[in-house]
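Visitor: Take 1 as the starting number for the sequence shown in our numbering and just add one per residue.
Hints are computed from structural coordinates only; laboratory data are not their basis. Some hints here could point you the wrong way.
Between beta-carbon pairs, the in silico distance windows are [unchecked claim]:
1) A337 x A122: 48 to 54 Å
2) G199 x E289: 57 to 63 Å
3) V225 x G126: 40 to 46 Å
4) G199 x P59: 46 to 52 Å
5) P164 x F224: 19 to 25 Å
6) P247 x I327: 18 to 24 Å
7) A15 x C299: 52 to 58 Å
8) P164 x S382: 54 to 60 Å
9) E297 x D363: 45 to 51 Å
10) G227 x N169: 22 to 28 Å
11) P145 x A282: 49 to 55 Å
All figures in this text were calculated on a predicted structure; none of them were measured in a lab. Idealized CB from N, CA, C, for every residue including glycine.
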Amino acid sequence: MSTQQEEQQRRGPLAGIKVLDFSRILSGPYASMVLADLGAEVVKVEPIGSGDETRNFPPFKGPLSHYFIALNRSKKSITLDLKSPEGAKIARDLARKCDVVLENFRPGVMDRLGLGYETLKADNPGLVYCSITGFGRNSPHGDKPAFDIVAQALSGVMDVNREPGQPPNKLGIPLGDMAGSIFSLFGLLAALVERNTTGQGRHVEIAMLDSLIAMQGYLSQIYFVSGNSPQPVGTRHPSIVPYGAFPTRDGHVIVACLTERFWHNFARCLGREDLITDPRFAEYEKRLENRDALEPEICEIMEKDTTEYWLGRLTEFDVPNAPILSIAESLEQEHVAARGLIETVTHPDVGDMQLVRGPIRFDGEGPAPARAPALLGEHTRSVLSDWLGYDEEEARALETRAAAPGAG
1 MSTQQEEQQR
11 RGPLAGIKVL
21 DFSRILSGPY
31 ASMVLADLGA
41 EVVKVEPIGS
51 GDETRNFPPF
61 KGPLSHYFIA
71 LNRSKKSITL
81 DLKSPEGAKI
91 ARDLARKCDV
101 VLENFRPGVM
111 DRLGLGYETL
121 KADNPGLVYC
131 SITGFGRNSP
141 HGDKPAFDIV
151 AQALSGVMDV
161 NREPGQPPNK
171 LGIPLGDMAG
181 SIFSLFGLLA
191 ALVERNTTGQ
201 GRHVEIAMLD
211 SLIAMQGYLS
221 QIYFVSGNSP
231 QPVGTRHPSI
241 VPYGAFPTRD
251 GHVIVACLTE
261 RFWHNFARCL
271 GREDLITDPR
281 FAEYEKRLEN
291 RDALEPEICE
301 IMEKDTTEYW
311 LGRLTEFDVP
321 NAPILSIAES
331 LEQEHVAARG
341 LIETVTHPDV
351 GDMQLVRGPI
361 RFDGEGPAPA
371 RAPALLGEHT
381 RSVLSDWLGY
391 DEEEARALET
401 RAAAPGAG
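Please work from the sequences and hints to get the whole structure.
Guide: Spelled out as structure tokens, the structure:
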């Protein structure tokens, strides 16, 4: 393997790919951060003066918002006034040099700025242009603002994410936004592979609501097959019993008997091997029909001993189990340390900070080391120089004009 090949492998499989990222908040920035983790050079374009809105979300580490830190590692930041002729021209010039453009404005905004797909494609036919919106161009909701909780509400997720009889509840993680991020990555990476053959780019369009509905999985099929909308079951499974959180003397334990083997193991673990042959519980469908008879018997047994006792016994009998951890506890668990999921990076103004690393691994190693999130406009001069050939005086003059009163 040549030195150049070794260096590219160390940097990641997307080394050499240039990404111009106009996105903000979460759905776009999470996707561009993954691209940066994979080795792409990501240049984040932010409004002069204010930057990405999430730079202002408390709590802070120094001048950096926790929210911004979480979604913007390993990127470069430049500032442009896209509504000015000069800023729009620079953005178009940068787009000619890049492989991917990513944006998550409402439909039509980038066209009005002169930065829509058809405009940029004319100068760069191989461009992969990815648009993440709440609802898509032809949706009756297309012009409405969309955030994570809106997508969750319209997807049905909030209705099933609760205990029976309780009010609807939002998922604790922003899956409405992140579903759009994840599917955008599938689409744009596939388009990049195709471009290697055809030389032509694509306009990848992802709607957050579409993405979250696509992640309903078996829940949508329950409706299609039975004609009944799945009902909220809390931690329980709509069709698998026993499955969910069961009370112990001092807390709860997750038990997941997804197969008959695990159900048999669980019955033996409880000291109730008779449940295996009981006609009410002997098969999947029977256990579902008789859930209200089976689950109280399980609870009565498990409430007699502690969480620690049951975790040990369930593991001994090879029953899928877990404690229910807080976010803090999850980050401090042995798995996280063993997998190297937390990385410490150093920021010139803030000092050391911890980041959660991406989950993708190649050849038994983690992704390339992360860089701390950039200060607003930190890389404007270097990007204009490296990508567009601006000399130091030209880049400084642009910054001076941008910083003038009323600019941006």
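Visitor: Quick check: does the Cβ-Cβ distance between P164 and F224 fall within 19 to 25 Å?
Guide: 22 Å, holds
Visitor: Can you tell me whether the CB distance of P145 to A282 sits inside 49 to 55 Å?
Guide: Since P145 and A282 have Cβ atoms about 52 Å apart, the given range 49 to 55 Å holds.
Visitor: With 18 to 24 Å as the target window, see if P247 and I327 comply at their CB atoms.
Guide: 22 Å, holds
Visitor: For E297 and D363, compare the CB-CB distance with the range 45 to 51 Å and indicate the outcome.
Guide: Given range 45 to 51 Å: holds, Cβ gap about 49 Å.
Visitor: Is the gap between the beta carbons of G199 and P59 within 46 to 52 Å?
Guide: 47 Å, holds
Visitor: 40 to 46 Å was suggested as the range; check whether the CB atoms of V225 and G126 agree with it.
Guide: Hint holds: Cβ distance 44 Å, inside 40 to 46 Å.
Visitor: Is the distance from the Cβ of G227 to the Cβ of N169 consistent with 22 to 28 Å?
Guide: This hint holds: roughly 25 Å between Cβ atoms.
Visitor: Go ahead and decide if the range 57 to 63 Å is satisfied by the Cβ distance of G199 to E289.
Guide: 59 Å, holds
Visitor: Indicate whether the distance between the beta carbons of A15 and C299 respects the range 52 to 58 Å.
Guide: Given range 52 to 58 Å: holds, Cβ gap about 54 Å.
Visitor: Are P164 and S382 spaced within 54 to 60 Å by their CB atoms?
Guide: 57 Å, holds
Visitor: Return holds or violated for the Cβ distance of A337 and A122 against the range 48 to 54 Å.
Guide: At roughly 51 Å between Cβ atoms, A122 and A337 fall inside 48 to 54 Å, so the hint holds.
The structure fails none of the hints (numbered hints given earlier).
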